[in-house]
Amino acid sequence: MAAELWKKKIVIAGEGGQGVQVIGELLAEAAYRSGQQALYIPNFGVEQRGGVSIAFVQIANGEIGFPKFQKADLVAVLSPRSVERTRGYLKPGTIYLYDESAIKAPEIDDRTIGIQGWETVAPEAFARMVGTEEGTGVRPPGGAGLIRRGIPAAQLAKDKLNPRVANVIICGAIAVLLGVLPLEQVKAALEEKFADKFRQRPELREMNYQALEMGRKAVQEAAAP
Amino acid sequence: MFMTGNEVIAWAALAADADFMYGYPITPQNEIMHYWSRLAPHFGRGFLQTEDELSAGFTMLGGVLVGKKCFTATAGPGNILMQEPVAMAEMMRLPGVWVIQQRGGPSTATVIYSQQELRLTTTGGNGEGLRIVYSTSSHQELFEYTLKAFNVAWKYRFPTFVLGDGYQAKMRETVTLFRPEKRGWEMIPAEPILRGPGVPCIERDPVHLRNTFNIEEELYETLMKHVEDYERLTPEVVEWEAKVRADDTLLLVAHGIVGRAAKDAAERLQRDGWPVGYFRPVTVRPFPGEALRKIAAANPELRLLVVESAYGQLLSIVKAELYGYANPLETLLRPGVGVTTEEIEETVRRLEKREG
Amino acid sequence: MSAEDLSVHRGILENLNMPVSWRKETKPHRFCPGCGHGIALKALGEAVDELGILDRVLYGCDIGCSLLSWDFFNFDSVQTHHGRTIPVIVGAKRARPDVIGIAYMGDGGGYAIGAQHLVSAAMRGDRITAILANNTLYAMTGGQMAPTTLPGQKTATTPYGREPQKSGAPLHGPELVAAIAPPGSYIARGSVGNYNQLKQYLKKALENQLTGSGFSFVEVLSACPTNWRTNAKETWEFLRGKMESHFKVGELRVPEQQTGGEEN
Numbered sequence: 000m001a002a003e004l005w006k007k008k009i010v011i012a013g014e015g016g017q018g019v020q021v022i023g024e025l026l027a028e029a030a031y032r033s034g035q036q037a038l039y040i041p042n043f044g045v046e047q048r049g050g051v052s053i054a055f056v057q058i059a060n061g062e063i064g065f066p067k068f069q070k071a072d073l074v075a076v077l078s079p080r081s082v083e084r085t086r087g088y089l090k091p092g093t094i095y096l097y098d099e100s101a102i103k104a105p106e107i108d109d110r111t112i113g114i115q116g117w118e119t120v121a122p123e124a125f126a127r128m129v130g131t132e133e134g135t136g137v138r139p140p141g142g143a144g145l146i147r148r149g150i151p152a153a154q155l156a157k158d159k160l161n162p163r164v165a166n167v168i169i170c171g172a173i174a175v176l177l178g179v180l181p182l183e184q185v186k187a188a189l190e191e192k193f194a195d196k197f198r199q200r201p202e203l204r205e206m207n208y209q210a211l212e213m214g215r216k217a218v219q220e221a222a223a224p
Numbered sequence: 000m001f002m003t004g005n006e007v008i009a010w011a012a013l014a015a016d017a018d019f020m021y022g023y024p025i026t027p028q029n030e031i032m033h034y035w036s037r038l039a040p041h042f043g044r045g046f047l048q049t050e051d052e053l054s055a056g057f058t059m060l061g062g063v064l065v066g067k068k069c070f071t072a073t074a075g076p077g078n079i080l081m082q083e084p085v086a087m088a089e090m091m092r093l094p095g096v097w098v099i100q101q102r103g104g105p106s107t108a109t110v111i112y113s114q115q116e117l118r119l120t121t122t123g124g125n126g127e128g129l130r131i132v133y134s135t136s137s138h139q140e141l142f143e144y145t146l147k148a149f150n151v152a153w154k155y156r157f158p159t160f161v162l163g164d165g166y167q168a169k170m171r172e173t174v175t176l177f178r179p180e181k182r183g184w185e186m187i188p189a190e191p192i193l194r195g196p197g198v199p200c201i202e203r204d205p206v207h208l209r210n211t212f213n214i215e216e217e218l219y220e221t222l223m224k225h226v227e228d229y230e231r232l233t234p235e236v237v238e239w240e241a242k243v244r245a246d247d248t249l250l251l252v253a254h255g256i257v258g259r260a261a262k263d264a265a266e267r268l269q270r271d272g273w274p275v276g277y278f279r280p281v282t283v284r285p286f287p288g289e290a291l292r293k294i295a296a297a298n299p300e301l302r303l304l305v306v307e308s309a310y311g312q313l314l315s316i317v318k319a320e321l322y323g324y325a326n327p328l329e330t331l332l333r334p335g336v337g338v339t340t341e342e343i344e345e346t347v348r349r350l351e352k353r354e355g
Numbered sequence: 000m001s002a003e004d005l006s007v008h009r010g011i012l013e014n015l016n017m018p019v020s021w022r023k024e025t026k027p028h029r030f031c032p033g034c035g036h037g038i039a040l041k042a043l044g045e046a047v048d049e050l051g052i053l054d055r056v057l058y059g060c061d062i063g064c065s066l067l068s069w070d071f072f073n074f075d076s077v078q079t080h081h082g083r084t085i086p087v088i089v090g091a092k093r094a095r096p097d098v099i100g101i102a103y104m105g106d107g108g109g110y111a112i113g114a115q116h117l118v119s120a121a122m123r124g125d126r127i128t129a130i131l132a133n134n135t136l137y138a139m140t141g142g143q144m145a146p147t148t149l150p151g152q153k154t155a156t157t158p159y160g161r162e163p164q165k166s167g168a169p170l171h172g173p174e175l176v177a178a179i180a181p182p183g184s185y186i187a188r189g190s191v192g193n194y195n196q197l198k199q200y201l202k203k204a205l206e207n208q209l210t211g212s213g214f215s216f217v218e219v220l221s222a223c224p225t226n227w228r229t230n231a232k233e234t235w236e237f238l239r240g241k242m243e244s245h246f247k248v249g250e251l252r253v254p255e256q257q258t259g260g261e262e263n
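Chains as they are written, first to last, in numbering that gives the first Met the number 0: chain A, 0 to 224; chain B, 0 to 355; chain C, 0 to 263.
These are calculated hints, taken from the structure and not from any lab test.
Every residue, glycine too, gets a C-beta built ideally from N, C-alpha and C.
Which residues of chain B face chain A? A partial, calculated answer using Cβ under 10 Å:
1) I111
2) Y166
3) K169
Extracted from the complex, chain A is given alone in its bound form (with noise of 0.2 Å):
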């Protein structure tokens, strides 16, 4: 009897400078190390004006089809921009994760995008702030039918971390929610990313696993009732 045929379908959204691309080449990287089918396809082109960078990850232990999709399992959203943009990939049973830390978002505008080649995926080095400035959290849609589980990603990771590791807490509270993902695998994942620098300078390795392990912890926290 073949086991059963399962997928998940995830969606990351954020501003230019936010690191949602580096969550789903994490997450997807993770997934093959699992010995999972993975399938990761970053928006680029014109699609990502308007600032909002959107990752499109797919894990499954069977095939896996067309890149894109309609509707997702889990949706992350990392900036109040990104709230409609992902609207539509929302179905009853979603997860909705997203950061409710009352820490602006790193805009990068339009024209900076437009300026540095509209033909690449974000530049997300590119942003001059990432983190630090005070503003609004995401607000998540209403509705009934999703499952809402909001993380204080940015705030965590300015005020224990780096302001730059967020993404790495998002990722390790997707790899929490997701279920199929072990947080090793994720380590693994950020060790062949990240090789370089961690050689360089070996305290990020620690950083980011700490950032890992606050995500998951933030998430369970969430979930908890």
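With chain A fixed as given, assemble chains B and C onto it according to the hints.
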């Protein structure tokens, strides 16, 4: 391995023992050049960034003429320019591998994705479209058909294309890379067409190649030889993927990455008891028409649903191939945008007028 | 090719006043009476003979009257598309540096439809020898205006004479190339009106490739009595008078090892 499609192609060219890539930047194929130019010096291979796609195509033919395995990659408006050197390759029977990562069209349109370069890639140029075009649907296929393209091109000496798209170019998924000899795949070496061994006039005749003819009959004679060669190779190179059962009433027909969505949709619907099959041409030129006609003839009631990210390019091929067959034809045409598994399923449910 | 081989071959052709590298089976050639191509190609043939490189040459010709040279020589040759000869030869040279690549074209092919290839190959310093015949018009297609058409010159598309304010002034190709080509390039303009000088230029252009010094480019002022509608005397006068006074014959760039001194 887990990587992007553009990276896969660079590795495939390396595994195929390609000597040289000539290219000009255009999204979404750029990373093929990026990866290749990074890999090439470590493996004694060459790369030249040219002034445009005309030059990329013609410099590639120069490399091919002197006996090197060469390739190039382009998309969209670059593919239009590339048709000029492809036409010369067709006329003069010059091998070579041309990778196309389709983007939106017409014009500059989008840098993202489409299947709108099917017609241009299969039958572009001012001739008969004597070329071999593989439309891939996964990274594994990108790898294997790029390898295969190098062999087929040098075996039959027709321009050979790997037809991908922006999604396949940019997405990351699993692929198993291998050295072809480890799988027992024999790679055909390239031979010099010009400047081979020997002193011309003393040890051999000089080789003079041309693509201009003085009289109609001279052209006709030359061209018909190429046409005959092409027709002879057709049964040897056509490939397709299909799953159709005797009691199926609907057949999804799609190529490339949309073919993958069609397969996914068909398999899901079949599991729910729907009488739906699928047919995906892998060679879109030459087209596996014989195989499609067999399926159509076996069940005249079988309705076809042609799905593509273009406005009727695959459809016109299917119509031509099924001329004289009465099978009803439906379409889901989405020029320049993706077609998801869900959309295909919805269309099927609507067509079959049954509750999902 | 060894000296012995050459002498054997020369013996075959001893009674013919032709360069060894000319293919006698395709002679008489197909150019019009009085055409400059025959003279330019003879100078090229003799230059190749003298350098003894027949077995290394890859010759490419363009579309236009130059295409008639596709089987002109005893070396391997390829006829390409209009304007695309430089890229074909560049591609071959990049893939096989042992090959001596010669790209032969007209002024339409090199200065109009293929100008980007000439400019880019020169700018990159590709080790090829490009030879361009300038006869001030498109000859094979019926004598239309070319980038090199002289002010006031009548052509099929300038029936009242070329007006520079409407269609520009004649392009000075070697001067253009000299302005952008890197050190090591050899650039000259010769004329079929001065055979020995032209042959020397072509030989130096090939030597420049042989030594791996850089890009070489020779524009050859050529004659087209058919489209000029001139008799022999008028043809000579137009070439030596009007053309040579407008397009200055001479060497524009000579690399150091050829001059033995500083590059000019």
